[in-house]
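Undergrad: Each chain, written out:
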Amino acid sequence: MTTLDTAQAHFVSRFADCESRLADASPDWLAPIRRAAIERFAELGFPTRRNEAWKYTSVAEIANASLDPEPPVRDGVSPDDIRALLGSEASQQWFVFEDGRFAPELSSDEALPTGVEIEGLAAALRKQPELIRPLLDRADLLDRPFAALNGAFQRDGAFVRVTAGASPQRPIQLLFIASPGASGRVANQRNIIRIDRGAKAAILLRFESCCEDVYWTNSMTQILLEDNAELDLVSVQSESDAAYHFSSLDIRQERDSRFRSHQISLGGALARSEIYARLDAPGVDCTLNGLFLGDGRQHLDSQTTVDHASPNGTSRELYKGILGGHSRGVFNGSVLVRPDAQKTNAQQFNPNLLISDDAQINTKPTLEISADDVKCSHGSTVGRLDEDALFYLRARGVDERAARRMLTVAFASEIAKAIPQDSLRTQVERLVTAKLERGQFAIETARRSPEDPL
Amino acid sequence: MSDGVPMLEIKGLRARAGGAEILKGLDLVVGAGEVHAIMGPNGSGKSTLANVLSGRPSVEVTAGSVLYQGRDLLELAPEDRAKEGIFLAFQYPVEIPGVSNAYFMKAALNAARAHRGEEELDGMDFLEFARKKMKLVEFDEALLNRAVNEGFSGGEKKRNEILQMAILEPRLAVLDETDSGLDIDALQVVANGVNALRSPDRSAIVITHYQRLLDYVVPDFVHVLADGRIARSGGRELAHELEKKGYSWLEVAPPVEAAAP
Ligand SMILES: Nc1ncnc2c1ncn2[C@@H]1O[C@H](COP(=O)(O)OP(=O)(O)O)[C@@H](O)[C@H]1O
Ligand SMILES: [Mg+2]
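For the record, the sequence lines run as chains A and B. For the first sequence, my numbering assigns the number 91 to the initial residue and increments by one for each residue that follows. For the second sequence, my numbering assigns the number 172 to the initial residue and increments by one for each residue that follows.
Treat the hints loosely; a few may be bogus.
To be verified - Pulled from the structure, derived: some chain A residues nowhere near chain B, Cβ distances all over 12 Å: (1) T92; (2) L134; (3) R139; (4) S168; (5) G271; (6) A332; (7) R345; (8) G386; (9) S424; (10) E477; (11) L483; (12) R486; (13) A492; (14) T498; (15) S503.
Stated by the list, open to error - Covered by chain A, per the in silico footprint, the following chain B stretches (three or more residues, Cβ under 8 Å): (16) 219 to 233; (17) 378 to 387.
What the hints assert, rightly or not - List of simulated lysine to any residue pairs, SDA-like, C-alpha gap at most 25 Å: (18) B:K328 to A:D476; (19) B:K328 to A:A492; (20) A:K507 to B:G269; (21) A:K507 to B:E266; (22) A:K507 to B:R407; (23) B:K328 to A:E195; (24) A:K507 to B:D311; (25) B:K415 to B:R373; (26) A:K507 to B:D293.
Since the hints were made in silico from the structure, they are not lab data. Computed from a predicted model, the values in this text were never measured in an experiment. All C-beta atoms in this analysis are idealised placements derived from N, C-alpha and C, irrespective of residue type, glycine included.
Could you build all of it, start to finish, from the sequences and the hints given here?
TA: So, in C-alpha cells, the structure goes:
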C-alpha cells in the first residue's frame, strides 16, 4: 500500500468510527449526504500526480501527517489571542470560528447590520433546512477528493445571508482561526454565503492561526448570488507555515449578478485553492483576482475554472505570483465557454515574479471555447524585476534594497488596489506588506539578482 | 567647492555595451559653473556616456577614469552618485506601474537630504516644495498622483524628468536628448529648468541633436562625439556649423585628439 492509500483507508475507517457521533450532531437528512461523500472519497482517494489537476502538487506530505478529520472539540483560543492577532483591527466587528466551528463567545456582540443573517452552519441547517439542504446535497461537488472529504466530516462553518435589496455599509468579517496546539487536527468547515436578489455586500474570509502546528484547514465555501446581487469576497489565508490549507469556492451566479473575488495566499506549507465559478444566467459579471506570495519551502497552488454557461457574460481574471526562496507556485486557470454562451467576454492573465533562483512557477492558463461570437484572451508571464525600472529608481538616489522593495510592492499592489472597500483594502495591504517584510522574503526582495554585474 | 577642481574630469574612457566597444578613449573636462553641449550622430555613444556617468550596470567601463569633484566616480553605486548630486534626464524615461510619481520623488529627495544630513520632508512639506517646482516647469499636478511615467505622452515624460531635476537640484545635470520631439513651448520649459540651476557651483552636460535648444540654454562649450570619441570641441558657433553642414564632414576627418576646453 502506498502512503496515499494508507491515509485514505485511515480517513475512511475514521468515518466509520465517528459516523454515529456525527449523526447525533446534525439533522437526520445530513447522514445520507455524509455517507455519499465518504463513499465518493473512498473511490477517489488522495489525488496522485498522475491526475492532471494535481500534476504539480503532491499531497504525500498531508497523507503522511497522521491527521484526525474528526478531532475532539477544544476551546483553546482566548479573546487575548484574537486581540494579539488582529491588532488595531480587533475593535471591528468579527465573527470567529475556532478550528472551523462557530465561536460566539469570541465573536463581537454588536448587533448585526440590517439585512444580514450570520450564524454557525450547524445551527442554521436545523433552522433553515429547506434553504441549506439542496446546497449540501450536490453530487457534483464530490468530484474533487478533498471536497468529498469535507462533505463527509462537515459539522459547522459560517452561514451568511444578505437579504433581498439589503446593502450593509460595513464589510462582514469572518475569522477562521486554528487553535493553539491544533497539531494533527483537520478543520472540515463548510461555509454558505447567499446574497439575495438585488443585495450588495462585501465579505472577508480571513484564515489565521495561533500556533505553528501541522494542521489542515479543509474549507469548502458555497456562494449563491441571486439576480442582480453583488458581492466582493476577500479571502486572505495566513495559516501557520507548517499548516496545510485547502479551500474550495463554488460560485453560482444568477442573472445580472456581479461577483468579485480577491484571494490572497500568504501562509501554509502547502496551500491550494480551487475556484469554480459558474455563470449560469445571462448578463453575469465575474472577476477573479488573486495574489500568492511564497517563500521558504512553501507550495502555493491556485486552480480556477470560469464556466460561461450563458450568453453575455463577462469574466476577468488576474492572478499574480511572487515567489522567493525554494517556494513553488502553481496556477492552473481554465475558462470554458459553452455553446450557448455567445457574446462572452473573458480575460485571464497570470503574471509571476520570481525573486530567487530556486523558486519555481508552473502556470497553465487554458481556454476552451465552444461558441463563435466571443472575445477571449489569456496568458501568463514569468519574470524578474524590470532592470530598467530598477536602474531608473537607483539613478534618482533610491537605494537598491528600497528600489527592489518598491518594485515588488508595486507588482503586488494591483490586486489590493482592486478591492473597493477601504477598510478591507487597507487590511490586505497591511498583511501583504508584513509578509514582504518578513524574514527571508525581506532579504530576497531586496537582494540584487545574480545577473546584475555590479 | 575647492578652487580649480573641475566638476567632471574624464580621461581615456573606454566602455562596452551589448558586447561591443562603444566609447573608445573619451576625454572631457567640465568646469564648475559650465554648461557643455554634446552633439553627434545617432549611435556615436552619447547615451552610453550618460549611462557611464550615472552608473548603469549594463555598461562596462574597461579603461580610463572619471573624477567627479576630484573623487573617483566609477566606484560609486548609481544611488550614491545621485545622492552626491549627479542627475541624468533619461533619453527614454521608464514607466513604472504601481509606483506613484509623488511617492517616488519624495523618496528620491529624502534619500539625498538624508545623505546631506538634512531632515527628511514629510508628505505635506514635500508637496509644498514640489508645487513651486511644478510651477517652474509648468507641470500638471495630476501627473504627480499617477504611476511614474505610466501612460504619459512623450512630452509629459520629458517634463517629468525636468521636474525631478528641479526637485533634486543636482550639481551635475546630464540631459540626454531631453529636447527631442518637443515643441517650442516645451523646449522653453526644459531651458528654464536648466537655466534656473545655473550657478557658479553647478554644471550641466546637454546632449542634443539640435542647435535650437542651445538658443535658450547657451552653452559655454560644444563638443562633437563621433565613434566613441570627442571629435571636435569649440564654442557655441560650432553648433551652428553642425546645423549647416551636418556630421558627414566629421566622419571622414580623423578624430582629433581630445581638446579639453
Ligand atoms: N545595451 C546595449 N546593447 C547593445 N548595443 C548597445 C547597447 N547600448 C548601446 N548600444 C549600441 O552602442 C551604440 C551607441 O549607442 P548610444 O550610446 O545609445 O548612441 P547615441 O546616444 O549617441 O545615439 C549604438 O550602436 C547602440 O546600438
Ligand atoms: Mg542616445
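Undergrad: It remains to establish, for every hint, whether it holds in the given structure.
TA: Consistency of the hints with the structure:
1. T92: 46 Å, holds
2. L134: Consistent with the label, L134 of chain A stays out of reach of chain B, its closest Cβ about 42 Å off (over 12 Å).
3. R139: At roughly 36 Å from the nearest Cβ of chain B, R139 of chain A sits farther out than 12 Å, so the non-interface label holds.
4. S168: 39 Å, holds
5. G271: 41 Å, holds
6. A332: Consistent with the label, A332 of chain A stays out of reach of chain B, its closest Cβ about 32 Å off (over 12 Å).
7. R345: 35 Å, holds
8. G386: 25 Å, holds
9. S424: 27 Å, holds
10. E477: 7 Å, violated
11. L483: The claim breaks: L483 of chain A does not keep its Cβ more than 12 Å from every Cβ of chain B (closest is about 7 Å).
12. R486: 4 Å, violated
13. A492: 7 Å, violated
14. T498: Not fine: 10 Å to the nearest Cβ puts T498 of chain A too close to chain B.
15. S503: 5 Å, violated
16. 219 to 233: Since three or more residues must qualify, the claim that chain A covers the segment 219 to 233 of chain B holds, with 6 doing so at under 8 Å.
17. 378 to 387: violated (count 0)
18. B:K328 to A:D476: 18 Å, holds
19. B:K328 to A:A492: 23 Å, holds
20. A:K507 to B:G269: Roughly 10 Å between the alpha carbons, so the hint for K507 of chain A and G269 of chain B holds.
21. A:K507 to B:E266: 19 Å, holds
22. A:K507 to B:R407: Violated, because 52 Å separates the two Cα atoms, which is more than 25 Å.
23. B:K328 to A:E195: 57 Å, violated
24. A:K507 to B:D311: 24 Å, holds
25. B:K415 to B:R373: Distance of about 31 Å is beyond 25 Å: violated.
26. A:K507 to B:D293: 23 Å, holds
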